[in-house]
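J.: Chain order of the listed sequences is A and B. Reading the first sequence from the start, the letters are residues 14 to 245 in my numbering. Reading the second sequence from the start, the letters are residues 4 to 339 in my numbering.
If you're looking for bench data, these hints aren't it; they were derived computationally from the structure. Glycine residues also receive a C-beta, built at the ideal position from the N, C-alpha and C atoms. Do not rely on the hints blindly, as some may be mistaken.
Unchecked claim - Below, computed lysine to any residue pairings styled on SDA-like, alpha-carbon distance capped at 20 Å:
hint	chain 1	residue 1	chain 2	residue 2
1	A	LYS105	B	ASN77
2	A	LYS123	B	LYS320
3	B	LYS320	A	ASP203
4	B	LYS227	A	VAL71
5	B	LYS227	A	LYS123
6	A	LYS123	B	THR84
7	B	LYS227	A	VAL27
8	A	LYS193	A	LYS123
Claimed, not checked - Pulled a few chain A residues facing chain B out of the computed Cβ check, cut under 7 Å:
hint	residue
9	LEU23
10	VAL27
11	PHE136
Chain by chain, the residues:
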Amino acid sequence: MPQYALVIDLNTCVGCHACATNCKEWNTQASFGPLSDFEPYGRSPEGVWYNRIMSYEVGDFPDTQVFHLPKSCLHCQDAPCVPVCPTGASYKREQDGIVLVNYDDCIGCKLCSWSCPYGCREFDEADKVMKKCTLCIDRIYDESLPPEHRKPACVLTCPAKARFFGDIEDPNSEAYRMIKERNGFVLFPDMGTNPANHYLPRTETKVHVDEHLLEAENPLFLEVVRRHYKGG
Amino acid sequence: MHPPLSLIWFFLTAGTSIELFTLTYLAELLSLFGFDTSLPRNMVLFSVVFSLILVGLGAVGASFHLGHKMRAWNAIKRFHTSWLSREAVFSGAYGFTLFLYGISYYFGFNAFFVHLLGIFTFILGWLSAFSTAMIYASNRFVLEWNTSLTVIYYLNMYLMLGSSAFLATTYHYKPELVKPFLLLTLFFVLLGLAFRIAFNIRQFFLKRPTLNEALNLPHNRPIKVLDTGTTTNNYCTEEFYYAKGREMLNFVIPIFYVITFFVPIFLLSYSLIKGSTSYSFYALTYASLVIGSALERWSFFVEGNHVQNLFYGLYPKEGYTLRKGYMEKKKTKISI
Numbered sequence: 014m015p016q017y018a019l020v021i022d023l024n025t026c027v028g029c030h031a032c033a034t035n036c037k038e039w040n041t042q043a044s045f046g047p048l049s050d051f052e053p054y055g056r057s058p059e060g061v062w063y064n065r066i067m068s069y070e071v072g073d074f075p076d077t078q079v080f081h082l083p084k085s086c087l088h089c090q091d092a093p094c095v096p097v098c099p100t101g102a103s104y105k106r107e108q109d110g111i112v113l114v115n116y117d118d119c120i121g122c123k124l125c126s127w128s129c130p131y132g133c134r135e136f137d138e139a140d141k142v143m144k145k146c147t148l149c150i151d152r153i154y155d156e157s158l159p160p161e162h163r164k165p166a167c168v169l170t171c172p173a174k175a176r177f178f179g180d181i182e183d184p185n186s187e188a189y190r191m192i193k194e195r196n197g198f199v200l201f202p203d204m205g206t207n208p209a210n211h212y213l214p215r216t217e218t219k220v221h222v223d224e225h226l227l228e229a230e231n232p233l234f235l236e237v238v239r240r241h242y243k244g245g
Numbered sequence: 004m005h006p007p008l009s010l011i012w013f014f015l016t017a018g019t020s021i022e023l024f025t026l027t028y029l030a031e032l033l034s035l036f037g038f039d040t041s042l043p044r045n046m047v048l049f050s051v052v053f054s055l056i057l058v059g060l061g062a063v064g065a066s067f068h069l070g071h072k073m074r075a076w077n078a079i080k081r082f083h084t085s086w087l088s089r090e091a092v093f094s095g096a097y098g099f100t101l102f103l104y105g106i107s108y109y110f111g112f113n114a115f116f117v118h119l120l121g122i123f124t125f126i127l128g129w130l131s132a133f134s135t136a137m138i139y140a141s142n143r144f145v146l147e148w149n150t151s152l153t154v155i156y157y158l159n160m161y162l163m164l165g166s167s168a169f170l171a172t173t174y175h176y177k178p179e180l181v182k183p184f185l186l187l188t189l190f191f192v193l194l195g196l197a198f199r200i201a202f203n204i205r206q207f208f209l210k211r212p213t214l215n216e217a218l219n220l221p222h223n224r225p226i227k228v229l230d231t232g233t234t235t236n237n238y239c240t241e242e243f244y245y246a247k248g249r250e251m252l253n254f255v256i257p258i259f260y261v262i263t264f265f266v267p268i269f270l271l272s273y274s275l276i277k278g279s280t281s282y283s284f285y286a287l288t289y290a291s292l293v294i295g296s297a298l299e300r301w302s303f304f305v306e307g308n309h310v311q312n313l314f315y316g317l318y319p320k321e322g323y324t325l326r327k328g329y330m331e332k333k334k335t336k337i338s339i
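Isolated chain A (complex conformation):
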């Protein structure tokens, strides 16, 4: 069964929030909008966002690393938010595995958000329904768009090219290859939700050169110098 999902490279994500703002911009005006805002220019602006970026610091000072975690609905393959919905408004599509909310059926009981361990559903106080990432379903199937634009807004806008979109069950897709080749991982694996969205782990950028390679009589010496000290 196909399972569309996002694959996010934590190695290249710079935490610029472009994905979140473009998501908000697209989805507030498209089929699933608006994403209501309250006091947008006041002291405590609040509003509905499908995508939020968290920043974390790992390690002890001074050996610390910061990474940014864009978090939107993970379109879990065993989505716990779906069975708890009393009306069936929350559902998972069989054809692509995307979890959606039917706003016409949603009664706004908030139980689905209680059943999401990732906090990826947000209640819209203006529309009184639960809202969440749709993987820009109104873009990815829109045949009036050029094929290269049939992707979620967050993927198209990412300036660092840290976001990938595709069918994670299809071995020919870029998303599938990314996960396999680069050890893609999921959030909260112990929760039994089997999230579809994957993250590519952050790696430390260190160059290790063995001492013996740097000896002049080593036939590889010049090659090592050329590669690692190029322009230095």
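Starting from the known structure of chain A, fit chain B onto it as the hints suggest.
T.: Same frame as chain A, but now just chain B:
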């Protein structure tokens, strides 16, 4: 978790309604087996009407929790998977059969038919209570609630409310039945106290997940939240973390223990030992239980910590113990 007042209201009204009817009908049923528990007609009618009004008020109050009240009927659609859907179906069916029971009792229909309706109402009431409790107990992302204790305790709280209301009603209509039901109410309150203490103690021994587990990082990496992507609160930080409530919790817990358990235990024990029965005693017991239960439910919500709070650095760390073998299980490799 943010305590929704509408759900606390539903707890108080539905709890009193279901268990007041349960005990009323139980007394009626026992009289069929030769026990001297048959109740005056007026008392049965009063209990049924009062229960009906309460469950109606509860349903109206609970609808304020919904974003779209007029679509509430849709909640019956997912009976096979959702406890909330089951609660809606059973509560509605309970109210309907209770109404039919009242009508058939008032007009003196065939006794078999009246009892059949009574048994149906009794079962549906309990199923409704069980389903409501399961909404909380089945949520595996709020570890404080995710236990069978939540269900047993919830049902017992209903019994505490219902039995104390029944006691006050019995005193008014059939005082000779007061003593056995006085004992029963005292038993439920003592049991409730034991369950609540167990519920609180359990929280200290919960194996809580950590931010490392949430982010799928090795346990030995120190990690802290730098930024949560928003300068103010959002739905997640308000719905799943009630900051004001957390501050008040240490103050509210002792108060609800006193009002929900100790005051009723004192009043009931005094009445039992001194043998002095007074309507005001029982009315005060019920009032104390209602106010205390409201505070207890408020605390129940505030005590609940949703695991999504981990991402915001708002999840408690107490009670955490390192899980052995976690690292070996991990598939993720952090390559250097």
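J.: Each hint needs a verdict: does it hold in this structure or not?
T.: Verification of the hints:
Proximity of A:LYS105 to B:ASN77 is assessed by CA-CA distance (about 18 Å); at most 20 Å being required, the pair is judged to hold. At roughly 26 Å between alpha-carbon atoms, A:LYS123 and B:LYS320 are farther apart than 20 Å, so this suggested pair is violated. For the proposed pair B:LYS320 and A:ASP203, the alpha carbon gap of about 18 Å is at most 20 Å, so the pair holds. For the hint linking B:LYS227 to A:VAL71, the alpha-carbon distance of about 7 Å falls within 20 Å, and the restraint holds.
As the CA atoms of B:LYS227 and A:LYS123 are separated by approximately 29 Å, the hinted pair breaks the 20 Å bound. Proximity of A:LYS123 to B:THR84 is assessed by CA-CA distance (about 16 Å); at most 20 Å being required, the pair is judged to hold. With a CA separation close to 18 Å, the supplied pair B:LYS227 and A:VAL27 stays within the 20 Å bound. A hinted pair counts as satisfied when its Cα atoms are at most 20 Å apart, and A:LYS193 with A:LYS123 does not qualify at roughly 36 Å.
Checking A:LEU23 against chain B: minimum C-beta separation of about 10 Å lies over 7 Å; hint violated. Taking 7 Å as the C-beta cut-off, the interface hint given for A:VAL27 is violated, the closest approach to chain B being about 13 Å. At a threshold of 7 Å, the smallest CB-CB gap from A:PHE136 to chain B is about 5 Å, leaving the interface hint in force.
Hint compliance for this structure: hints 2, 5, 8, 9, 10 are not met, and every other hint is.
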